[in-house]
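A.B. asks: Each protein sequence line maps, in turn, to chains A and B.
According to my numbering, the first sequence is numbered sequentially starting from 855.
According to my numbering, the second sequence is numbered sequentially starting from 216.
Heads up, some of the hints might be wrong.
For each label pair, taking beta carbons as the anchor points, the in silico distance ranges come out as [stated by the list, open to error]:
#1 A:1009 to B:304: 53 to 59 Å
#2 B:374 to A:1126: 50 to 56 Å
#3 B:248 to A:890: 43 to 49 Å
#4 B:244 to A:890: 28 to 34 Å
#5 B:245 to A:956: 19 to 25 Å
#6 A:862 to B:304: 40 to 46 Å
Derived coverage of chain B by chain A (criterion: at least 3 residues anywhere in the stretch with Cβ under 8 Å from a Cβ of chain A; other residues may be distant) [as the list claims (entries may be wrong)]:
#7 431-445
#8 897-904
If you are wondering where the hints come from, they were derived from the structure by calculation, not from laboratory data.
For clarity, every value in this text was computed on a predicted model and none was experimentally measured.
Note that beta-carbon positions come from the ideal geometry of N, C-alpha and C, so glycine has one too.
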Amino acid sequence: MTPFRFAAVSTVSEASEMLRADAAGSRLIAGGTDLLSEIKEGIVQPQTVVSLQNVGGMREIVAGTDGMRLGAMATLTELEGHAEIRRSYAALAEAAASVATPQIRNVGTLGGNLCQRPRCWYYRSAAFDCRKKGGSICFAINGNSKYHAILGGGDCVIVHPSDLAVALVSLRARATIAGPGGERSMALEEFFAGPQVDIMRETVLQPGDVLTHVSLPAPSPNWRSVFMKSRERQAQDFALVSVAAAMEVADGAVRDARITLGGVAPVPYRVRQAEEALQGAAVASVDPARLGEMAVAGARPLRDNHYKAPLASNLVRRAVTLLLQDGA
Amino acid sequence: MTTTADRTTKTNRKYRVIGTRPIRHDGHDKVTGRAKYGADIQLAGLLFGAVLRSPHPHARIRSIDTSKAAALPGVKAVMTGKDLPEKATPPGNFMETLADPQVLTENVMARGKVLYKGHAVAAVAAVDRHVAEEALELIEVDYEVLPHVLDVREAMKPGAPILHEDLRTRTTAQMPGDTPDTDGPTNIASHVQFVQGDVAQGFKEADAIVERTFETKPVHQGYIELHNSTASWSTDGNLTIWKSTQGPFIVRHQVACILNLPPSQIKVVPMEIGGGFGGKINTYTDAVAAVLSKKTGHPVQVVMSRKDVFEGTGPTSATHMRAKIGATKDGRITAVEVNLTYAAGGFPGSPVGSGAGTCLAPYKVENLKIDGYDVVVNEPKSAAYRAPGSPQAAFAVEPVIDELADKLGMDPMEFRLKNATRTGDRQASGVPFPSIGCVEVEEAMINHPHYKAPLEGPNRGRGVALGYWGNAGMNSSATINVTPNGSITLVTGSVDIGGSRPALAMQAAEVLGLAAEDVHPSVGDTDSVGYTGVTGGSRTTFATGIAVIKAAEDVRDQMIKRAALVWETQPEDVEFKDGVFTSKKNPEDTLTFQKLASRLMGTGGPVTASASADPKQVGPSFSGMIVDVEVDPETGKVDILRATLFQDVGTAVHPSYVEGQMQGGAVQGIGWALNEEYFYGDNGVMANSSFLDYRMPTSLDLPMVEPVVIEVPNPGHPFGLRGVGESSIVSPMAAIANAISHAIGQRLTTLPMSPTVVREALVNGDK
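Using the sequences and the accompanying hints, generate a full structural model.
C.D. replies: Structure (structure tokens):
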């Protein structure tokens, strides 16, 4: 582990300035659970680590009439236990509770969870000079691909590791970024970017950009959501596949639906075909199994991850079935 | 539910202390975090060592340039394999280890060639860990990368990359120095074979035959505490090593071999140990710390990282196995053929021999042929792991037994019981079994409510399997000193991994009529107690127990003489019972052990006794598991609904620790069955060398494992003990595989049976 300078800034603009000034040599740190393991493995060697711990207000979780505002420094434990989140955004509370271990959830943050680097073991090992680290090979494509993407991979078949992202995309969250040019906001799914955009990153963050908060729209009374995560180990494990579904059901019909898969693609993967099929459909006419099949249409499994397609398809089916039952 | 406590209390009414559950002597310090482990050692002037490891699985070392590292401020010394004597020389041998000393030294630090990714090539000592790690990056190693081989079958093919040019295949009949089987270079280090009867004829007599091929991956022992060594070389030439080890005397011997030192100049101080499971027997960083200490004149501490542990220390062998079993319609096994190929890692020494020797233990088989191959591959040198070699082999044999029972339309336990092995039956090796409890274990399984409980619902299945471990005897020493208030100190050479301090103290207390709390047990260093073999082979409570009993009996006899002196009578006239000495001539003359202890001065001085043990009749341990699973057909995930582990323990000295051993072994078996494996990249690099990516199950993934203690006393121990530490890991993988096959109608033949594998079986059918 190489030495670095630890800069605890007190404003976002200060952080932004430091990150912009030395894009290659600086890294943002929140809870540190991800960054430190990267530094120890020698994957990144920042000269400066910029901490947001002392920036006021970034940890706040605020519920208002127009929805919620979640500070990027809010911990997973805080999200998991927040009464309004549990009441109106169940998928988010469930996703937060499913992450890692209590110790990690106590320090891991919303922003850190969304911006964490992939858990691909080829990326995580300094012994593999993979594309994401500037090399020319994706080792997973012909290697051990058990935990890799079946959709949207291409030149780099990582899966996005964030559980919160899957829930938040289905909950129509928006991300707000403070950067050198001021503040901008976007639908959370646009915050993530696959290898086709930039193989070295998983988000649209540019040098100097800081994710400051995530906002959620006000829930309608008939809105329900669920998060399900299949994993090999019931604690301290990433998703083999996860699904977050959010649905508004009223008068026997689906008014609105969003379904997002995790663990299958380099970004949280929206199942648009199934969403469209649900739109306006009478509850009685919905065929959850068919929706599950749609979810993985076009999947291109690798050598070791064929199981992910039926797994994803079944999780979608279960999530939809559960929400329709709840809504009925 | 009957608890084991009830049973034990009833069984062992004849003992005062054996069979009770006192609080462990080391418990408070461990629970409150005060216990001292190897990495807690702090010494004045302590330097920190770090080890450079090979990035390649197979390469020739052309040169190593350490000059830049040595020049880094804060670096005090640098070493390579050249700093170790070229030839490891054993200073005699107490049978401390069967490992070849030359292999040990070349595994500790490569010379000429690196044989696996993670093989140590150089080391530095510096003022702190970070400087030491930084210095490693400045060491320039010029490698000529060679083709590597990971899979045992590939390694056996003609034209495979050869790891050791001078390696020739040995067979069991050969002793070192005999002419080998092969005359050309090979990766097959040895071939063991057991043959009895006429296998071809046996299969002819069979009405049904099942044959299958199995594969397992390397799995790690997974102890939580990392390997560590702190060495201090004094100016008078004596070396002290503090460390986490299962066997301080083994470390002493191995370091003596590697450094060509007399054992008496080395003192090994075993610290508390955070798990070993067989993986902390052989030396890794001790000689490195010692050489760095000698070079610098400072004590040096080396602590591995988790990555070092995964990549540089032994997992247990990956295997490729085949089992073929035939039986008659009425359920008699007529012939068995087993072929076991075990990956040794970079140097010879897989546990294929014990796999071959144990895999048929539960069955009386007239016609058998077992072949075992020890094959070197470019992976870390394998190390012992709880019942080394036996769980893999059971995973090959027990599912075939199960399938054969299915085929014959017989209940799988009934089939097993019909073929059960009994005291005096011949083992695969030809040696007759001593007193064993195979039938008792099987009957306990059949009669247990779990076996009869209904299991309803789709995708659910029940599986059974048997396990066996022969247990070890070896040698142990113990010393007892009587203190003035009648409490005693007990020093043994056995590192306490699984509660051996209380279990040994209880045996001394039983002999001397004391309470367990009156005995203060401790683990001695190699200077303060007689030679004692490794804490391994499930031998400690049994064999060190015998040394303790002998020392306690000596104390008792000395105390009887003191009482006789006090009463001016003869020792024969003194009776000792339940801690009280009584004069037979004058029954009013009584002295408690405590009273008499206060009168030692004046009656001949302190009472002290040392004894060593060389047990002849080791008690093997049979075990078995009944397990219910539910398979999620959509995800392939396996949930364990209920698990019961049965084991013949001889006599349960401290039933809680016996149950703990049984549950612990079962839990490791469950991890091996469902979760754990080394993933290698094509470049020979382990891809999941962290506890995050190497998925050991957590408490949330595990069921309650109900332990059923069966006590068939071992005549080879005064209190009837058998070793209990290992047998429990042998059956779970096979039992779970059998349960899954009953749940989904497909036989799984590879480990781990992860969701991926189960899902594939459901989609693609029987492989």
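A.B. asks: So, for every hint listed, does it hold in this structure?
C.D. replies: Evaluated hints:
1. A:1009 to B:304: 53 to 59 Å: With a Cβ separation near 55 Å, residue 1009 of chain A and residue 304 of chain B satisfy 53 to 59 Å, so the hint holds.
2. B:374 to A:1126: 50 to 56 Å: holds, 52 Å
3. B:248 to A:890: 43 to 49 Å: violated, 24 Å
4. B:244 to A:890: 28 to 34 Å: Given about 31 Å between the Cβ atoms, the range holds.
5. B:245 to A:956: 19 to 25 Å: holds, 22 Å
6. A:862 to B:304: 40 to 46 Å: violated, 57 Å
7. 431-445: Our answer is that it is violated, as 0 residues pass the Cβ test (under 8 Å) against chain A, missing three.
8. 897-904: With 6 residues in contact (Cβ-Cβ under 8 Å with chain A), the coverage given for the region 897-904 of chain B holds.
Hint compliance for this structure: hints 3, 6, 7 are broken, all remaining hints hold.
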